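Student: Chain order of the listed sequences is A and B.
Residue 98 in full-length UniProt numbering sits at position 98 of the first sequence, and the numbers go up by one each step.
Residue 13 in full-length UniProt numbering sits at position 13 of the second sequence, and the numbers go up by one each step.
Each hint should be verified, as a subset may be incorrect.
No copy is singled out in the list; a pair is fine if it fits within one copy or between any two copies.
Think about it this way: if two alpha-carbon atoms lie no more than 20 Å apart in a straight line, the pair counts; the simulated SDA-like pairs of lysine to any residue are [said to hold, decoys possible]: (1) Lys28 with Thr117; (2) Lys28 with Glu43; (3) Lys28 with Thr60; (4) Lys28 with Val9; (5) Lys107 with Pro13; (6) Lys107 with Pro18; (7) Lys107 with Asp75; (8) Lys48 with Thr82; (9) Lys28 with Pro61; (10) Lys28 with Ala10; (11) Lys28 with Leu103; (12) Lys28 with Lys48; (13) Lys28 with Arg116; (14) Lys107 with Arg81; (15) Lys48 with Ala89; (16) Lys28 with Pro13; (17) Lys107 with Thr117; (18) Lys28 with Ser115; (19) Lys28 with Tyr112; (20) Lys28 with Arg41; (21) Lys28 with Gly93; (22) Lys48 with Arg87.
Hints are computed from structural coordinates only; laboratory data are not their basis.
Note that the structure is predicted; figures quoted are calculated from it, not measured.
Single-letter residue listing:
2 protein chains.
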Amino acid sequence: MSDHPEAPVAPVPAFEPPYYLAVFTSVKTQDLSGYRETNARMEELVQKIPGYLGMDHAQTPGGLSVTVGYFRDADALAEWRTDAEHRAAQRRGRAEWYESYTLHVAKVERSYAFSRTESAETA
Amino acid sequence: MSDHPEAPVAPVPAFEPPYYLAVFTSVKTQDLSGYRETNARMEELVQKIPGYLGMDHAQTPGGLSVTVGYFRDADALAEWRTDAEHRAAQRRGRAEWYESYTLHVAKVERSYAFSRTESAETA
Numbered sequence: 001m002s003d004h005p006e007a008p009v010a011p012v013p014a015f016e017p018p019y020y021l022a023v024f025t026s027v028k029t030q031d032l033s034g035y036r037e038t039n040a041r042m043e044e045l046v047q048k049i050p051g052y053l054g055m056d057h058a059q060t061p062g063g064l065s066v067t068v069g070y071f072r073d074a075d076a077l078a079e080w081r082t083d084a085e086h087r088a089a090q091r092r093g094r095a096e097w098y099e100s101y102t103l104h105v106a107k108v109e110r111s112y113a114f115s116r117t118e119s120a121e122t123a
Numbered sequence: 001m002s003d004h005p006e007a008p009v010a011p012v013p014a015f016e017p018p019y020y021l022a023v024f025t026s027v028k029t030q031d032l033s034g035y036r037e038t039n040a041r042m043e044e045l046v047q048k049i050p051g052y053l054g055m056d057h058a059q060t061p062g063g064l065s066v067t068v069g070y071f072r073d074a075d076a077l078a079e080w081r082t083d084a085e086h087r088a089a090q091r092r093g094r095a096e097w098y099e100s101y102t103l104h105v106a107k108v109e110r111s112y113a114f115s116r117t118e119s120a121e122t123a
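Isolated chain A (complex conformation) (with noise of 0.2 Å):
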């Protein structure tokens, strides 16, 4: 997504369920030396992740930040998690980035998605 600011907005859809969410909602100190690098490069690691599926991200100016990934299964999700330069991102961020954060991490039962042009209910 940071690979294309100039695409139109749109959350990630639905899937067929079970998959695997990550909901990640922080506020963040002032120092934010380097978070900007570190970020896109988590994006471009992820993406590499076998059952990655995709990730919404927003932001309140000088408020929350809500992030949310999506993993075909937990496996794929494991490995997101313990990969050692996203385990080192994670460790500066505590040390750095964050002044709290909390970490969800559930398996999706039901979804939904509607546009204006079409909508689907996987479950």
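Chain B: place on chain A using the hints.
Tutor: Coordinates of chain B only, in the frame set by chain A:
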């Protein structure tokens, strides 16, 4: 949260799994008349659902909006899903406010919270 706009922003904490979450990602239309009032009413209503745990929200200006609602169990979420006033708001949302949206309902298996002053792994 809309009742306390002056409160410091913080992510909803990690709860003891299992619990449920609903990720709602959306892109809005240009016609948002009535949206703010309805949204405030929904925030008021959802807090009355037994088993409602909290909500995270972020919106990138002009871009994606991500809302994550947390519930103690599937029954609590079902009660919210079938609430008559909520369903009416959903219908109006599809007719007027949303260009597109996706809903993912998932059962949380693992969660973790970090803050500068404390951190806690719940599973």
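Student: Indicate, hint by hint, whether the structure satisfies it.
Tutor: So, going through the hints one by one against the coordinates:
1. Lys28 with Thr117: between (37 Å within a copy, 14 Å between copies)
2. Lys28 with Glu43: within (18 Å within a copy, 25 Å between copies)
3. Lys28 with Thr60: both (11 Å within a copy, 15 Å between copies)
4. Lys28 with Val9: The answer is between: 10 Å across copies meets 20 Å, while 23 Å in one copy does not.
5. Lys107 with Pro13: Classified as both; 16 Å inside a copy, 19 Å across copies.
6. Lys107 with Pro18: both (7 Å within a copy, 11 Å between copies)
7. Lys107 with Asp75: Intra 12 Å, inter 17 Å, cutoff 20 Å: intra and inter.
8. Lys48 with Thr82: Close inside one copy (14 Å), not across copies (39 Å); limit 20 Å.
9. Lys28 with Pro61: So Lys28 and Pro61 pass the 20 Å test inside a copy (11 Å) and across (18 Å) alike.
10. Lys28 with Ala10: Only across copies: Lys28 and Ala10 sit 10 Å apart there, 25 Å inside one copy, limit 20 Å.
11. Lys28 with Leu103: within (15 Å within a copy, 26 Å between copies)
12. Lys28 with Lys48: Neither: 26 Å inside a copy, 31 Å across copies.
13. Lys28 with Arg116: Classified as between; 11 Å across copies, 35 Å inside a copy.
14. Lys107 with Arg81: both (15 Å within a copy, 19 Å between copies)
15. Lys48 with Ala89: Close inside one copy (17 Å), not across copies (39 Å); limit 20 Å.
16. Lys28 with Pro13: between (28 Å within a copy, 15 Å between copies)
17. Lys107 with Thr117: Classified as neither; 28 Å inside a copy, 30 Å across copies.
18. Lys28 with Ser115: Between. Shortest inter-copy distance 10 Å satisfies the 20 Å Cα cut-off; intra-copy 32 Å does not.
19. Lys28 with Tyr112: Classified as between: cross-chain Cα gap 17 Å, same-chain 31 Å, threshold 20 Å.
20. Lys28 with Arg41: For Lys28 and Arg41, the Cα distance is within 20 Å only inside one copy (18 Å; across copies 29 Å).
21. Lys28 with Gly93: Close inside one copy (9 Å), not across copies (31 Å); limit 20 Å.
22. Lys48 with Arg87: within (16 Å within a copy, 39 Å between copies)
Taken one by one, the earlier hints fail for this structure at numbers 12, 17, listed in ascending order.
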